[in-house]
Amino acid sequence: MKRWFNNPVLAGELKIRMRSWRTVLMIMGYLAIMLAIAYLFLETSMQTLSRYGSVNISRDLGLQLYTILAVIQFMLIIILIPAQTAGSISGEREKQTLDLLLCTPLSSLAIVLGKMLSSMSFVLLLTIASIPLFSLVFLFGGIAPMDIITLFVFYLITAFAVGSIGIFCSVLFKKTVTATVAAYIVIFALGIITLLLGAYMTSEFAGKNPHFSGVYIAFPFYLNPAIGLFDLLGQQSGGTGGVGLTILGVSSAMYNANVAMTGGLSWMAQKLGVWGTNSVVISVIAIILLLISAWVVKPVRVLKTHSSKRHSADASVN
Amino acid sequence: MLVVEDLVKRYDRFVAVDHLSMTVERGHVFGFVGPNGAGKTTTMRIAATLLAPTSGSVRVAGFDVMEEPIKVRRKIGYMPDFFGVYDNLKAMEYLDFYGASYGIPYKERQKTAEGLLNLVGLANKRDNYVDSLSRGMKQRLCLARSLMHDPELLILDEPASGMDPRARVELKNILKELKNMGKTILISSHILSELSEMCDSIGIIEHGRLVVSGDVKNIMETVSGRLTVRIKLLDDMDRAINILKEQPLVSDIFQEDDMLEIGYKGKDEDLWPLLKTLVASDVPIISFSKTDGNLEKVFMEVTQDEEMV
Ligand SMILES: Nc1ncnc2c1ncn2[C@@H]1O[C@H](COP(=O)(O)OP(=O)(O)OP(=O)(O)O)[C@@H](O)[C@H]1O
Ligand SMILES: [Mg+2]
Chain L
1 MKRWFNNPVL AGELKIRMRS WRTVLMIMGY LAIMLAIAYL FLETSMQTLS RYGSVNISRD
61 LGLQLYTILA VIQFMLIIIL IPAQTAGSIS GEREKQTLDL LLCTPLSSLA IVLGKMLSSM
121 SFVLLLTIAS IPLFSLVFLF GGIAPMDIIT LFVFYLITAF AVGSIGIFCS VLFKKTVTAT
181 VAAYIVIFAL GIITLLLGAY MTSEFAGKNP HFSGVYIAFP FYLNPAIGLF DLLGQQSGGT
241 GGVGLTILGV SSAMYNANVA MTGGLSWMAQ KLGVWGTNSV VISVIAIILL LISAWVVKPV
301 RVLKTHSSKR HSADASVN
Chain D
1 MLVVEDLVKR YDRFVAVDHL SMTVERGHVF GFVGPNGAGK TTTMRIAATL LAPTSGSVRV
61 AGFDVMEEPI KVRRKIGYMP DFFGVYDNLK AMEYLDFYGA SYGIPYKERQ KTAEGLLNLV
121 GLANKRDNYV DSLSRGMKQR LCLARSLMHD PELLILDEPA SGMDPRARVE LKNILKELKN
181 MGKTILISSH ILSELSEMCD SIGIIEHGRL VVSGDVKNIM ETVSGRLTVR IKLLDDMDRA
241 INILKEQPLV SDIFQEDDML EIGYKGKDED LWPLLKTLVA SDVPIISFSK TDGNLEKVFM
301 EVTQDEEMV
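The listed protein sequences derive, respectively, from chains L and D. According to our numbering, the residues represented by the first sequence are 1 to 318, in order. According to our numbering, the residues represented by the second sequence are 1 to 309, in order.
Quick list of in silico lysine to any residue cross-link-like pairs, SDA-like style, CA-CA up to 25 Å:
1) K75/D to N6/L
2) K95/L to G103/D
3) K71/D to R301/L
4) K172/D to E25/D
5) K75/D to T41/D
6) K95/L to S132/D
7) K15/L to V85/D
These are calculated hints, taken from the structure and not from any lab test.
With the hints as constraints, model all of the structure from the sequences given.
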């Protein structure tokens, strides 16, 4: 475990990243977009507030601002992460530095993880930089600091999942350009396909069970972090923030406990909620993708069948 | 130190390395010579655990590259023929980064890196960004990089390409120093004359096969077994060639501008009659000198013979 965070690839990558002007420009551009949107929103809604100012309206405005910022940040992360990760391995290949890295004793998994973690820390940096903006929401009430922390954790999980697709493409394709385009196509195609498939399955289910009164959530929805985000936001705003899973016809029904749930993984959703289940599912897929990526990057692949002797020797030492 | 046994590497149907066997003794410098596409880089990449062989085996210090690649990686320092560097990293940090990859503790790798920068003559560039260095400097830095973990075997794929003559001499000195430190070195090059001075043994590879290998001196003797004479003329090139062709001891004649290079099967004392014959025929000779059979010619000969087979 210690070795993971003492990862030389991560350390080197961070050093290089933090030195480059691109990073600085990106953070500035990122904050500028967020700030512009927050400003536009406040500018238009302050008038409403000053005219009909009341506690309830203020709280609703806060929730709306929070939702808008959260969705924009989510979109920015989805857009930035593939560009950050899709060049990670193919870029080393193009720069002809990959061989130098592969002939060190570093495992290919450590290399892939180092790349992944460095992209994640970039996301972490962006989200932390956006905290002052998010704290505007506290002026209106309705959202607690813990909500924001939960949201950020969900961002990291999303970044991890989306990033693993980027890394996977980076490993498969020789050129960064191809890998980046492929990553965007895969990510957006997955986003749309999971939504359509989920919606189709939901209507099929409704057609077959006209009298079902519980909640049915089709499995493909758990593959889409946008669903998790809307569920999380709906939950945080107490189902009244105007978002939530209304698109699925579930909305606040979800948050009244004791609703019968069916559909794939409903046992997990009952315990962790939709966004929790969503996080688990996409994390598992991301881990599998990273393991496959590490396997593909590995220059010399041997199926170790005859070295069980050595393995057992290792085990006895531990 | 390095044992290659019956190594075969196929890309689809193309055979890049064809049943190659060779051994590099501990402490030796082994020159790996061959024309473009002969399979040098392929063989070296297999030894550096970057490529899996189709069949056969390579062992470094007793460890098989396929079975124990990590142990092999700790034993070897590999310098590829083409390589890149990271932008935004200084020379010192570059070495530090690779040192960290080998799990060397911070203090120790800083010390090693300083020492190696001195060794390769880049001490004054320690705080320069790597991508601002010249190509030859990058190559020396890459050599330093491959030495960070104090490997026993160095695998250098054409380290001298891209270096100016001065840098080549410096490289040669560095390699001598490394040899004195007890390192085993496998070096490939196109500059054969350089290898001949530096290497204990050489292997000539063509079409993935080892054509000749062994002690440098032995190879020179067995393959050429004769003298090379350079004759410089003012004029009358064709007449000189005709006269030389009639000489029974002259084996072959190469023409290069105003210079003739001939293979001569006789001994030293047979040379002056040759010169006398030429002068007597009024050929305007301005220089006539015996050169030691150079590796380049050995190489040309061996590879030509191969092609004729
Ligand atoms: N990835 C590959 N796919 C297909 N063929 C390859 C590949 N890599 C090398 N080859 C072929 O294998 C042969 C040997 O190549 P290699 O690079 O080992 O030669 P070399 O002796 O290093 O040549 P040079 O002196 O030009 O560096 C060449 O004919 C090359 O075309
Ligand atoms: Mg080569």
